[in-house]
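Trainee: Sequence:
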Amino acid sequence: MSSIPLTLTTLLALFAFAGNSLLCRLALQHTLIDASSFTSIRLISGAAMLWLIVRCRNGYVRQAGNWTSALALFTYAACFSIAYVSLPAAVGALLLFGAVQITMIGYGLWTGERLRRLQIVGLVSAFIGLIGLLLPGLSTPPLQGSVLMLGAGIAWGIYSLRGRRMNHPVQATAGNFGRTVPLVMILSLMTQTDFTWDSLGAGYAIISGAIASAGGYVLWYKALPQLHATQAATVQLSVPILAAVGAIGVLNEPITLRLGLTSIAVLGGIALVIHRGRNEVYSGQLQPQPLKNNQNYRLEIK
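Add 250 to the 1-based position in the sequence shown for this note's numbering, that's all there is to it.
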């Protein structure tokens, strides 16, 4: 892959991931669709698109994925949607991203990895940034939505950790999405009293599932083997920023001083953890060297 297609592919994937936050917030804030229905349509449309992509690429769909990863994926998607009923898009993206990264870095520490001094400063900065965002004040995001989004980030971190050794990531992702279908049916039955339908909201959910999720993952997996670990980890820092810029332009959401300062603390702290030293804590699906086709890697952004 030449540098121009690689750059374009990477940018499109990052815009797709940021777009998920905007689409979810747009649907739940500006249409009548309920969060459970949005989640169901998103996951089912993502499963259908990934099945089609795998079918067209390989001529057959091999059995891949597992139920534990599918449960983590479902938990992420459900908490993500319910949280965005009350959270602004930019705040939600920052909470999600911070929780994912801290979960995966924390796992590295728990399994014996060690941080250098400046990396410790970065990790503490990220924690302080998240805590500062949630401290009481006029611009404090709703507590329930914040807790749910942090839960979504933890679930996605677990999903990423479980999938980091996949040899066929697109097929495994398709299998995991497919396994969420019975789970979303159960969710729909449990929340049928809150059911509200909106065709525009359903359209946003389909775009989120089939394009921003399924399409974004395929693009990212295409670009990832050509990126060094630090390159891939660094470009992911742009996703909350892209979501914040999109929230200003698309949703007319204000960017507060608190959000700006906490974003610097969280994203800057994570950047320090990613970049300091040769033996960094494992901070995602990434390996220390450029990845080759069919090596082990896994996506960590939503």
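Source of the hints: derived by calculation from the structure; they are not laboratory data. All of these numbers come straight from a predicted model, not from anything done at the bench. Using N, Cα and C, we set each Cβ at its ideal position, and we do this for glycine too. Hints are not guaranteed to be accurate.
Across the chosen pairs, the derived CB separations fall in these ranges [stated by the list, open to error]:
#1 N308 - I378: 30 to 36 Å
#2 W317 - I378: 33 to 39 Å
#3 P255 - V371: 23 to 29 Å
#4 L261 - L439: 36 to 42 Å
Trainee: Is 33 to 39 Å a correct range for the gap between the Cβ atoms of W317 and I378?
Mentor: holds (37 Å)
Trainee: Quick check on a hinted range of 23 to 29 Å for P255 and V371, using CB atoms only.
Mentor: violated (37 Å)
Trainee: Is the gap between the beta carbons of L261 and L439 within 36 to 42 Å?
Mentor: Since the Cβ atoms of L261 and L439 sit about 40 Å apart, the hinted range of 36 to 42 Å holds.
Trainee: Determine whether the Cβ-Cβ distance between N308 and I378 falls within the hinted range of 30 to 36 Å.
Mentor: Given a distance of about 46 Å, which is not inside 30 to 36 Å, the answer is violated.
In summary, the numbered hints that this structure violates are 1, 3.
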